[in-house]
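A.B. asks: Model the full structure from these sequences, guided by the hints.
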Amino acid sequence: MANIISDETIEYVGILAKLELSEREKEQAKKDIGRMLDYVDKLNELDTAGVEPMSHVFPVHNVFREDVVTNADDRENMLKNAPAVKDGSWKVPKTVE
Amino acid sequence: MQTKGMTALELGQKIKEKEISVKEAVLESLEQIHLLEGTLHSFVTVDEEGALKRAEEVQRGLADGTVTGVLAGVPVAVKDNICTKDLLTTCSSKILYNFVPPYSAQAVDQLKAGGAVMIGKTNMDEFAMGSTTETSAYGVTKNPWNTAHVPGGSSGGSCAAVASCEVPYALGSDTGGSIRQPSSFCGVTGLKPTYGTVSRYGLIAYGSSLDQIGPIAKDVSDCAAILEMIASYDRKDSTSVKREGYDFTSALVDDVKGMKIGIPSDYLSAGLNEEVKEAILKTAEVLKAKGAEVEEFPLCLVEYAIPAYYVIASAEASSNLARFDGVKYGYRAEEYNGLHNMYKKSRSEGFGEEVKRRIMLGSFVLSSGYYDAYYLKALRTKALIKQSFDRAFEKYDVILGPVAPTTAPRLGESLSDPLQMYLGDIYTISVNLAGLPGISVPCGTDAKGLPIGVQLIGDCFQEKKIIRAAYAYEQARGSWQAPELAQKGVE
Numbered sequence: 001m002a003n004i005i006s007d008e009t010i011e012y013v014g015i016l017a018k019l020e021l022s023e024r025e026k027e028q029a030k031k032d033i034g035r036m037l038d039y040v041d042k043l044n045e046l047d048t049a050g051v052e053p054m055s056h057v058f059p060v061h062n063v064f065r066e067d068v069v070t071n072a073d074d075r076e077n078m079l080k081n082a083p084a085v086k087d088g089s090w091k092v093p094k095t096v097e
Numbered sequence: 001m002q003t004k005g006m007t008a009l010e011l012g013q014k015i016k017e018k019e020i021s022v023k024e025a026v027l028e029s030l031e032q033i034h035l036l037e038g039t040l041h042s043f044v045t046v047d048e049e050g051a052l053k054r055a056e057e058v059q060r061g062l063a064d065g066t067v068t069g070v071l072a073g074v075p076v077a078v079k080d081n082i083c084t085k086d087l088l089t090t091c092s093s094k095i096l097y098n099f100v101p102p103y104s105a106q107a108v109d110q111l112k113a114g115g116a117v118m119i120g121k122t123n124m125d126e127f128a129m130g131s132t133t134e135t136s137a138y139g140v141t142k143n144p145w146n147t148a149h150v151p152g153g154s155s156g157g158s159c160a161a162v163a164s165c166e167v168p169y170a171l172g173s174d175t176g177g178s179i180r181q182p183s184s185f186c187g188v189t190g191l192k193p194t195y196g197t198v199s200r201y202g203l204i205a206y207g208s209s210l211d212q213i214g215p216i217a218k219d220v221s222d223c224a225a226i227l228e229m230i231a232s233y234d235r236k237d238s239t240s241v242k243r244e245g246y247d248f249t250s251a252l253v254d255d256v257k258g259m260k261i262g263i264p265s266d267y268l269s270a271g272l273n274e275e276v277k278e279a280i281l282k283t284a285e286v287l288k289a290k291g292a293e294v295e296e297f298p299l300c301l302v303e304y305a306i307p308a309y310y311v312i313a314s315a316e317a318s319s320n321l322a323r324f325d326g327v328k329y330g331y332r333a334e335e336y337n338g339l340h341n342m343y344k345k346s347r348s349e350g351f352g353e354e355v356k357r358r359i360m361l362g363s364f365v366l367s368s369g370y371y372d373a374y375y376l377k378a379l380r381t382k383a384l385i386k387q388s389f390d391r392a393f394e395k396y397d398v399i400l401g402p403v404a405p406t407t408a409p410r411l412g413e414s415l416s417d418p419l420q421m422y423l424g425d426i427y428t429i430s431v432n433l434a435g436l437p438g439i440s441v442p443c444g445t446d447a448k449g450l451p452i453g454v455q456l457i458g459d460c461f462q463e464k465k466i467i468r469a470a471y472a473y474e475q476a477r478g479s480w481q482a483p484e485l486a487q488k489g490v491e
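In order, the protein sequence lines correspond to chains E and L. Each residue of the first sequence is one higher than the one before, counting from 1 in our numbering. Each residue of the second sequence is one higher than the one before, counting from 1 in our numbering.
Just so you know, the hints here were simulated from the structure itself, not pulled from any lab data. All of these numbers come straight from a predicted model, not from anything done at the bench. Just so you know, even glycine gets a beta-carbon here, dropped at the ideal spot from N, CA and C. Among the clues, some could well be false.
[Said to hold, decoys possible] Heads up, simulated EDC-like pairs for lysine to aspartate or glutamate below, C-alpha to C-alpha not over 20 Å straight-line: (1) L:K328 with E:D74; (2) E:K80 with L:E334; (3) E:K91 with L:E335; (4) L:K236 with E:D67; (5) E:K42 with L:E303; (6) L:K23 with L:E57; (7) L:K328 with E:D73; (8) E:K42 with L:D266; (9) L:K94 with L:E354; (10) L:K85 with L:E56; (11) L:K282 with L:E295; (12) L:K260 with L:E56; (13) L:K85 with E:E76; (14) E:K30 with L:E353; (15) L:K94 with E:E20; (16) E:K31 with E:D47; (17) L:K94 with E:D67; (18) E:K26 with L:E353; (19) L:K448 with L:E484; (20) E:K26 with L:E349; (21) E:K31 with L:E354; (22) E:K26 with L:D417; (23) E:K26 with L:E354; (24) L:K290 with L:D254; (25) L:K464 with L:D255; (26) L:K328 with E:D87; (27) E:K86 with L:E335; (28) L:K236 with E:E25; (29) E:K30 with L:D254; (30) L:K328 with E:E76; (31) E:K31 with L:E353; (32) L:K242 with E:E66; (33) L:K85 with E:D74; (34) L:K85 with L:E37; (35) E:K94 with L:E484; (36) L:K277 with L:D446.
[Claimed, not checked] Chain E is nowhere near these chain L residues, computed Cβ spacing over 10 Å in every case: (37) K14; (38) E17; (39) A55; (40) E56.
C.D. replies: Below you can see the structure in the form of structure tokens.
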């Protein structure tokens with residue numbers, strides 16, 4: 001495997017991805033990502049100098065509209081799926097010490 | 001009346017002519033589901049009560065003239081990553097095990113406006129990440145042609161439900177082949193529209209720049225009619241395209257005289273199963289005999305589509321799936337220590353292996369230091385792939401090729417080696433990268449009796465050309481055949 005993923009890298013990826021990984025999962029992820037990157041390195045065969053990165057296939061532009069409220073206050077409906085609710089709001093663990 | 005073998009349009013016609021009531025049509029669909037679900041497991045949720053209530057509503061609408069669609073009263077199944085108001089929508093993931101959307105996807109609303117009766121939500125690979133429907137958190141779906149084999153994926157539930165006559169038609173979604181590949185494996189017809197044609201509003205995002213909702217049915221006419229119902233310009237989807245020519249059924253013409261069809265020679269080389277190749281070339285011969293001009297040509301860059309796709313799709317997935325954090329809806333871990341730990345635990349316990357794999361890869365390629373080397377490189381490759389298609393469509397009306405290198409693999413064979421599984425997407429993935437429309441049409445079976453599909457690809461907004469070519473081929477091929485397992489239910 002040409003791409004060796006270090007312990008530090010996988011820790012960092014875990015932070016970015018907001019995933020808590022077991023030791024076994026970390027080892028597997030190192031292998032999986034390394035193997036995928038080896039494969040993705042195939043793209044380096046292509047000369048892409050001067051080619052603009054294409055994020056969208058059509059020449060679309062930002063779409064603007066007037067900032068007018070079209071939907072009603074749907075608080076009760078929106079809270080129906082909440083794992084925890086308090087006083088008509090989503091309840092989460094304390095965020096500020 | 002026996003309706004199970006009928007196409008959606010045929011059933012719609014019978015309902016209109018009052019030869020069958022909407023309720024009878026719904027009951028027939030439910031009967032087939034009861035008979036086969038134990039074996040196939042196409043559905044995550046079957047909404048019997050809702051469907052029967054809706055049947056009455058549509059019947060009244062037909063009587064008073066407020067409902068007039070060609071598919072009014074015809075049952076439909078919807079992939080479980082498409083939001084349906086008041087009906088469980090799980091994405092086949094534990095993290096959405098209890099999610100009941102407060103709104104419906106635009107495509108679902110448009111189906112409803114046409115008088116559709118939704119029967120339930122179909123199984124899929126978790127968050128549409130997979131090619132076999134085996135990564136679902138709610139069990140695997142089996143192929144109606146041979147239950148030892150996978151139905152393909154990620155819209156495996158939708159395709160199995162249509163193939164087994166549980167429903168006349170279904171909606172799927174296609175990010176890298178997820179409508180076309182399972183359609184090929186299940187012997188049904190599935191169409192992925194040009195990017196921006198069907199609103200993504202209410203489609204739970206995987207790779208937003210690639211995702212499209214599309215129809216899955218028994219034949220090309222149904223697909224054209226369904227696409228007419230679900231396509232629209234929608235302000236709620238910022239990438240929706242104001243396009244022309246939504247009259248897709250006008251292309252159902254049995255005439256390909258003078259049509260220029262190109263077969264990418266690089267699609268026929270190593271890796272393509274011989275039986276699949278033979279069936280594809282036979283399809284080309286049929287179109288040639290009908291007056292089309294068919295030739296092989298080098299498409300180029302074919303082998304770069306998969307690595308570019310997995311970088312782009314994973315990057316977009318890592319961003320899109322950041323919203324699942326256990327705060328507003330879905331799964332929240334039972335035990336945690338503070339807010340960040342709650343996010344991490346909910347996500348780690350809620351997502352399956354393949355989803356985590358792609359989120360991690362995506363997070364990595366977007367991280368500083370790797371962004372240029374991987375993400376931007378993939379976007380540059382995407383531009384080159386688009387250019388090679390542009391060049392091809394200067395010469396050809398339609399590109400013809402296989403959908404997948406093989407027929408449906410056996411259950412349990414694919415997940416052990418993800419990279420090998422990804423390679424199976426080689427013929428479908430570049431179509432998503434370039435935003436093109438593509439259709440999979442049944443064109444034969446292999447020695448084991450498993451279906452083979454042919455793929456017809458059009459230039460952007462040229463759905464009508466592929467519909468016309470597919471329809472002409474279908475006229476020569478003959479009408480759709482149900483698998484034996486479904487016929488038991490039909491007789």
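A.B. asks: Now tell me, hint by hint, if it's right for this structure.
C.D. replies: Hint by hint, here is what the structure shows:
1. L:K328 with E:D74: holds (14 Å)
2. E:K80 with L:E334: Holds. K80 (chain E) to E334 (chain L) sits at ~19 Å (cutoff 20 Å).
3. E:K91 with L:E335: Between K91 (chain E) and E335 (chain L) the Cα gap is close to 15 Å, so the pair holds against 20 Å.
4. L:K236 with E:D67: Holds. K236 (chain L) to D67 (chain E) sits at ~13 Å (cutoff 20 Å).
5. E:K42 with L:E303: holds (9 Å)
6. L:K23 with L:E57: Measuring from Cα to Cα gives roughly 10 Å; hence the hint holds.
7. L:K328 with E:D73: holds (16 Å)
8. E:K42 with L:D266: Holds, at roughly 17 Å.
9. L:K94 with L:E354: holds (13 Å)
10. L:K85 with L:E56: holds (19 Å)
11. L:K282 with L:E295: holds (13 Å)
12. L:K260 with L:E56: violated (48 Å)
13. L:K85 with E:E76: holds (15 Å)
14. E:K30 with L:E353: holds (14 Å)
15. L:K94 with E:E20: holds (16 Å)
16. E:K31 with E:D47: It is violated: about 28 Å lies between the C-alpha atoms, which goes past 20 Å.
17. L:K94 with E:D67: Given pair K94 (chain L), D67 (chain E) is violated - Cα atoms ~36 Å apart, limit 20 Å.
18. E:K26 with L:E353: holds (12 Å)
19. L:K448 with L:E484: holds (13 Å)
20. E:K26 with L:E349: holds (15 Å)
21. E:K31 with L:E354: holds (14 Å)
22. E:K26 with L:D417: holds (18 Å)
23. E:K26 with L:E354: Judged against 20 Å, a Cα distance of about 14 Å means the pair holds.
24. L:K290 with L:D254: It holds: about 9 Å lies between the C-alpha atoms, which stays within 20 Å.
25. L:K464 with L:D255: holds (12 Å)
26. L:K328 with E:D87: holds (14 Å)
27. E:K86 with L:E335: holds (19 Å)
28. L:K236 with E:E25: violated (39 Å)
29. E:K30 with L:D254: violated (54 Å)
30. L:K328 with E:E76: holds (13 Å)
31. E:K31 with L:E353: holds (14 Å)
32. L:K242 with E:E66: With Cα atoms ~19 Å apart, K242 (chain L) and E66 (chain E) stay inside 20 Å; holds.
33. L:K85 with E:D74: OK: K85 (chain L) and D74 (chain E) at ~14 Å, within 20 Å.
34. L:K85 with L:E37: With a Cα-Cα distance of about 24 Å, the restraint between K85 (chain L) and E37 (chain L) is violated, given a limit of 20 Å.
35. E:K94 with L:E484: Cα-Cα ~59 Å, so violated.
36. L:K277 with L:D446: holds (11 Å)
37. K14: Holds, because the least Cβ-Cβ distance between K14 (chain L) and chain E comes to about 38 Å, which exceeds 10 Å.
38. E17: holds (40 Å)
39. A55: Holds: least Cβ distance 26 Å, greater than 10 Å.
40. E56: Since the minimum Cβ distance to chain E is about 25 Å, E56 (chain L) lies beyond 10 Å and the statement holds.
In this structure, the earlier hints numbered 12, 16, 17, 28, 29, 34 and 35 are contradicted, and the remaining ones agree with it.
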